[in-house]
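Take the given structure of chain Z and dock chain A to it, following the hints.
Number of protein chains: 2
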Amino acid sequence: MSIVYVIPLFGLIALLFTAIQSAWVTRQDAGNERMQDIARHIAEGAMAFLKAEYKILTYFVIIAALLLGYMGYSHKNSDWTIALAFVIGAVFSACAGFIGMKIATKANVRTAHAARTSLSKALKVSFTGGSVMGMGVAGLAVLGLGSLFIILKAYFGAEANTAEMIKTIEVLTGFSLGAESIALFARVGGGIYTKAADVGADLVGKVEAGIPEDDPRNPATIADNVGDNVGDVAGMGADLFGSYVATVLATMVLGVETTSTDNFGGLAPVLLPMFIAGTGIILSIIGTFFVRIGENTGLSTAAVQRALNLGNWSSIVLTAIVCYFAVNWILPESMTLRGHDFTRNGVFGAIIVGLVVGTLMSIITEYYTAMGKRPVKSIIRQSSTGHATNVIGGLAVGMESTLLPIIVLAAGIYGSHACAGLYGVAIAAAGMMATTAMQLAIDAFGPIADNAGGIAEMSELPKDVREKTDILDAVGNTTAATGKGFAIASAALTALALFAAFVGVAGISGIDIYKADVLAGLFVGAMIPFIFSSLAIRAVGEAAMSMVEEVRRQFRTIPGIMEGTGKPEYDKCVAISTEASIKKMMVPGAIALLSPILMGFIFGPEVLGGFLAGATVSGVLMGMFQNNAGGAWDNAKKSFEKGVEINGEIYYKKSEPHKASVTGDTVGDPFKDTSGPSMNILIKLMSIVSLVIAPTLAELHNETTASKTAPEKVQEVVKKAETAEKTTVKL
Amino acid sequence: MSIVYVIPLFGLIALLFTAIQSAWVTRQDAGNERMQDIARHIAEGAMAFLKAEYKILTYFVIIAALLLGYMGYSHKNSDWTIALAFVIGAVFSACAGFIGMKIATKANVRTAHAARTSLSKALKVSFTGGSVMGMGVAGLAVLGLGSLFIILKAYFGAEANTAEMIKTIEVLTGFSLGAESIALFARVGGGIYTKAADVGADLVGKVEAGIPEDDPRNPATIADNVGDNVGDVAGMGADLFGSYVATVLATMVLGVETTSTDNFGGLAPVLLPMFIAGTGIILSIIGTFFVRIGENTGLSTAAVQRALNLGNWSSIVLTAIVCYFAVNWILPESMTLRGHDFTRNGVFGAIIVGLVVGTLMSIITEYYTAMGKRPVKSIIRQSSTGHATNVIGGLAVGMESTLLPIIVLAAGIYGSHACAGLYGVAIAAAGMMATTAMQLAIDAFGPIADNAGGIAEMSELPKDVREKTDILDAVGNTTAATGKGFAIASAALTALALFAAFVGVAGISGIDIYKADVLAGLFVGAMIPFIFSSLAIRAVGEAAMSMVEEVRRQFRTIPGIMEGTGKPEYDKCVAISTEASIKKMMVPGAIALLSPILMGFIFGPEVLGGFLAGATVSGVLMGMFQNNAGGAWDNAKKSFEKGVEINGEIYYKKSEPHKASVTGDTVGDPFKDTSGPSMNILIKLMSIVSLVIAPTLAELHNETTASKTAPEKVQEVVKKAETAEKTTVKL
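First to last, the protein sequences are chains Z and A.
With our numbering, the residue at position 576 of the first sequence is 1137, and numbering never jumps.
With our numbering, the residue at position 645 of the second sequence is 1206, and numbering never jumps.
What the hints contain is simulated information worked out from the structure, not anything from laboratory work.
Treat the hints with care, as some may be off.
Identical copies go unnamed one by one, so any copy, or any two together, can satisfy a pair.
Claimed, not checked - With a straight-line cut-off of 30 Å between C-alpha atoms, the simulated DSSO-like cross-links for lysine-lysine are: (1) K637 / K1215; (2) K767 / K1214; (3) K1144 / K938; (4) K934 / K1144; (5) K1199 / K767; (6) K767 / K1220.
Chain Z with its partners taken away, still in its complex shape (with noise of 0.2 Å):
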């Protein structure tokens, strides 16, 4: 049973690697006194943002610790230790966004200032502050999980099959819960802030006033920088934290009710996600080590992008290897679910499904997104036509692109569950997952370096620098796009896992579509995804828009500005980006939060089922059209900076196409950068939440008829009230 204590070691070897990474990082040279003085506004802006958004959160996270503790209380199948499980995992979920930003704000200057020496020492300098930060959120994660798994475990005496066994896991969700829902808070604020400063600053900076991105005559730049670090990182941190731990904790929900006989008194199937995650950190760091080039590669772009694929691969292939031993040594021959018998080898098999679709979501992401693919392409060939068809060319492409994926998913979801049952689809998600450390290593350098960028140009360094930051930035866009679909594919299957569990927990026997009431349910679980998006997206909107007034009024009033005289009043566009994204992060929260508790009380577990499967699908096809679109249409515009050809023309920056694909990338900048990656952590938390309430839906579901569907309910009402009629009639 020794393994037990083993998991938590992994989490604690992987904060001692985030901590000697950090210190090399700071020890790092950060440039000239101007350099280091734009640091200190981006880091003061993304520190003043992150308070202000974690006061807020505080609150959140005391009123619903109260009513979760409440629940816990008054209904004999849950316990009042929920909340305590809430409060750690949300503040370990601060902590993750903390760390990361932390880092980024101190690499950011640190990598431009290595820039000036060389492209391998820009790259490493990035990508060490990016995997600082992916080894602390998978540290902070696996630690978090295995201790308190411990502790519940001794705190209910809890053996394998046993009711206490059942409890702790049920109270486990609770980290889980803590964590997803400051993982959207964080993804939503964090996104909001970061576009409405970036589309912003881009409307009137690079449309209107003709000056360049980064432009320290811009009042919006130091905003737009902070942005990337409270969205790009921070947000993300937050989200991939909270992706890890739902999906391991899925896999141990369906193992919790796994009929093993092994080695490790019953829990082997509870223990082998955690496991898992563990090794995959180690197997990350190694990973890391490969991530390189040459002092004499030059500057090319391609090199940069071998090097993260050569460590991402290595990776992924030490944990098929791994996977292949730890199933070995720590599953029995077979086991049973829910009646369902599967095989370790069936295990085994799913682990490998999972990666393989991981892998394949990544590929089709990075055609839909890359440059020189036919999608992208298609949209720059649509720019020569105007605005409008550019913007129809990206939304035709982001529909496209759930074509392929959807399929890997479907297929993923059947082989995966072919191998080994339901407890097949976990796995597959957690071993997808496994390597969220070099997953997150890889894409928070690209902000670090899109930040260096931004540095350079405001503090002026040579134009080679530049250079060199944006061959990292250039490979970061397509590493962001990558992540994102591996993300959404993930979030995906631990959602379907969630699902299943709810099912168990919840005390119904499956989720029948063919019931009216149920398919009403689907029905408006799919509506969801649609308003969360609407939400924001126009949040950014709006916000954006109170940017362009605030900068154009600076340049109106502020003399000297267009000159370099003139200072502009940064922090005013910071204020504006912050109080927006406080503001607006509420309602899209809430309804995450309470549409499954409402739908779950009002109408019973199934019709929450229909309304979980519901969310579920539409939210990873909005996801996955809302991100690809985005990248699609950033990489469009790009293009355009080495020039394009059209119909035998080529076309450069500032023509008139160009012009054009500047919109379609300022549309798609709230897709890809807050709605879309906000989707995986809606459809997570979603789950989540109906997890949590699932005991409580169980007890009250008992208590009501049990097999009876809702019109039914009601026809039994009418007729009770047309019998107490007639019985008043006879007296």
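Relative to the frame of chain Z, chain A by itself:
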């Protein structure tokens, strides 16, 4: 039993009314030589398109009929006569489109001429044109369904509750399949045609050359006006013909399963929907007499809207009243469907639910797309900061606009099911569609008025003529939007009724999305509307690009074209639209027809059920999103004509915000007139295809091990293979 013979009579009355009204329209003055010349151009273009389209569709109908006939011939559960019913349905649908286009190309020029006299006269001519189409479509539907039912019943010698009666209705499904297939091609083909021409004409004409809409110097202007007829009239006619038939049929399919002891030999639940449809026509004819405004009304949009509303409302109220008596006359006290009892009062309640849902849907849609309301105003405000924020604003409005309609729809499903079970859901849709003739009259008058405006502009009639047709056109825009809201709601209910019918016919007991393969089907189904939309809007984008290039070429190479001395080559633009639309309607059509067949035969009926549910939910959402976004963008743009206030400044046409609003409108064009309105046909067509193959699926399904899920089947195959190996070793 003689009620059976009354039903086709309703159809004949409608066609008689059509003939009389059509003759009246033809008798009106067609104006001067110039006007007649232009009208001839438009009529010829429209006829050329219809010919080209119907030629291709003939091949399709022959091949599909042969396949259907073979399927019916070779499987004991089916019958070859379904092929015949299919062909008749296709031919009737083509006739419906043809009648509409024929009258519209007559009414347009006569409306333009009438507008020289008065608004009242112009409304009368255009609305009479619309009602010819409305009554023609409804008449053909009732005549076709009613008489085919009589013939098939006699042919099979069917009585209530016999296998022969089930076969009768199954063959009738072929009629609906024919109608809905043609509808899909007509809607998609027509939609691509009209928007390619519209977008192309606007991009070069309005945006680049700065000439007004419908300017005779624009080579694409004839194609644009042809497009109004082939898309908004012929396409819509076929669409509503298909919807109408599908809705009535869905109720009949559930009716035939209903156990009923009544005065019609147990057939009351089958006859009721046809009877309601029949009387609905008469009530619609009565409603048309309310649509008139006084000669001295002045140029008032509100007065026209009021007149149309009065006609609409009176039809709806009359339908409600007549349904009360019809239900009480035809239905017995109580009936049973699949073990669920319901009463005739319940059925009447469900009809009222349907009428209320339809009405609410129209009201909500109007709110989201009408000028002066919050959603459109928000888009206007977001136009002040450029193209991109306008587009973001419109997308946000479209997504948000799904909230209330989905809640109404879900409540409608829940409510109608509570009233009368699955039969209630179907009859709710049938009640909603009872006033189709009136709805279509109101819908079709819009494009006629739009065309009249085009003819007035091109033949340089006095400005006040255009003002009058513009009023009619503006009202037409609103009715078009509300009509779409109505169409998608009725389609959703119809699809659900067909879905329920499918479950019965395919011999499965439910659709449990807790099963992994069914859930995978749900994902794949939900993806179809995204791909379909992508193909449709891309087709418009690409055809519009060709159009733009052709118009640019003509402006460049034809001397004196801009001065009005050189004559544009209108026919080249007509040819581009025709060719593009015929070519590009193939793949979307094939997806709609083939995907359910593939899913059903490979994965079995339950997975197909999940697939259908996914497609329905996602199709309804995408339809609402696209229709409403498009409508809102359009009216945001139109608002600039009278001037709009943004932050204290008034902006008019040709201002920067107006240009941004034109971009949004252009993006919205394919949304609201190509892919959006195709969604309702798509979901119904896939359901009908599934229903048609359901008997064959049931047969195949019963042959294989009935209750096993697909993964279990895979495991079984593996086990068999293992056993086989062992056996081999033994030998």
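Right, here's what the structure says about each hint:
1. K637 / K1215: neither (67 Å within a copy, 68 Å between copies)
2. K767 / K1214: Close inside one copy (11 Å) and across copies (25 Å); limit 30 Å.
3. K1144 / K938: For K1144 and K938, the Cα distance is within 30 Å only across copies (22 Å; inside one copy 38 Å).
4. K934 / K1144: between (39 Å within a copy, 24 Å between copies)
5. K1199 / K767: Answer is both: 14 Å inside a copy and 29 Å across each meet the 30 Å cutoff.
6. K767 / K1220: Classified as both; 10 Å inside a copy, 19 Å across copies.
Figure legend: structure checked against the earlier numbered hints; the only hint not met is number 1.
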